[in-house]
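Novice: Residue-level listing of the chains:
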Amino acid sequence: KNEVEQSPQNLTAQEGEFITINCSYSVGISALHWLQQHPGGGIVSLFMLSSGKKKHGRLIATINIQEKHSSLHITASHPRDSAVYICAALMNRDDKIIFGKGTRLHILP
Amino acid sequence: DAGITQSPRHKVTETGTPVTLRCHQTENHRYMYWYRQDPGHGLRLIHYSYGVKDTDKGEVSDGYSVSRSKTEDFLLTLESATSSQTSVYFCAIRDRGRGSHEQYFGPGTRLTVT
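Taken in order, these protein sequences are the chains called A and B. In this text, residue positions in the first sequence follow the numbering used here: the first is 2, and each later residue adds one. In this text, residue positions in the second sequence follow the numbering used here: the first is 11, and each later residue adds one.
Mixed in with the good hints there might be a few duds.
To be verified - Below 25 Å or equal to it, Euclidean Cα-Cα: the simulated SDA-like pairs (lysine to any residue) are:
{"id": "1", "chain 1": "A", "residue 1": "Lys-55", "chain 2": "B", "residue 2": "Asp-105"}
{"id": "2", "chain 1": "A", "residue 1": "Lys-69", "chain 2": "A", "residue 2": "Gly-42"}
{"id": "3", "chain 1": "A", "residue 1": "Lys-55", "chain 2": "B", "residue 2": "Ser-17"}
{"id": "4", "chain 1": "B", "residue 1": "Lys-80", "chain 2": "B", "residue 2": "Tyr-41"}
{"id": "5", "chain 1": "A", "residue 1": "Lys-97", "chain 2": "B", "residue 2": "Val-123"}
{"id": "6", "chain 1": "A", "residue 1": "Lys-97", "chain 2": "B", "residue 2": "Tyr-41"}
{"id": "7", "chain 1": "B", "residue 1": "Lys-80", "chain 2": "B", "residue 2": "Leu-55"}
{"id": "8", "chain 1": "B", "residue 1": "Lys-80", "chain 2": "B", "residue 2": "Ser-17"}
{"id": "9", "chain 1": "A", "residue 1": "Lys-97", "chain 2": "B", "residue 2": "Ser-79"}
The set of hints was computed from the structure by calculation and includes no laboratory data.
Starting from the given sequences, assemble the full structure and let the hints guide the process.
Specialist: In structure tokens, the structure reads:
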């Protein structure tokens with residue numbers, strides 16, 4: 002079992018819909034990183050958080066340390082949000098970074 | 011954007027040939043990483059460096075070696091390329107200073123071994 006699990010693996014939605022991508026981890030972490038990768042593109046940092054909630058434009062990331070769970074939300078989704086979203090957990094025990102396998106999001110116009 | 015470049019950006023090579031990929035940063039970050047990204051696997055750590063001449067293996071290090079003789083450069087070498095090493099390779103840097111854990115990624119190198 003992977004230490005970092007993302008769901009769903011794939012998500013297709015209509016433009017304007019509210020999107021939620023989930024990330025669960027099984028061990029103690031010191032921080033969680035959300036990344037975005039457009040098709041054929043590089044990897045861009047969206048958020049790094051260790052508690053609470055962060056917001057940037059239409060993107061919101063939350064983390065619940067007790068439940069070992071983080072979510073990435075996109076409000077008023079747009080076709081340009083179509084990308085792979087990756088969560089990465091920074092482990093307490095050895096400072097290593099473990100990546101989820103990503104969620105492929107496709108927003109239809 | 012963090013100042014990270016990778017070269018080459020694309021390479022096609024034959025099985026058995028040596029290949030070196032270069033990662034260059036202008037941020038003076040201590041930590042540098044090499045990952046490979048393959049469908050169904052996500053990002054997997056090959057090797058990382060925590061300072062000049064200080065490197066360690068990741069989860070998929072077999073067939074790869076690295077060197078870091080300067081803070082700004084981290085080289086990944088495939089001594090004898092195999093088809094299983096066809097992948098997209100990403101370099102990343104991390105500061106770990108001032109409570110920061112954030113990683114910044116280079117643009118990637120697409121390597122095809124024929």
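Novice: Which hints, by number, does the structure contradict?
Specialist: Violated: hints 2, 3 and 5.
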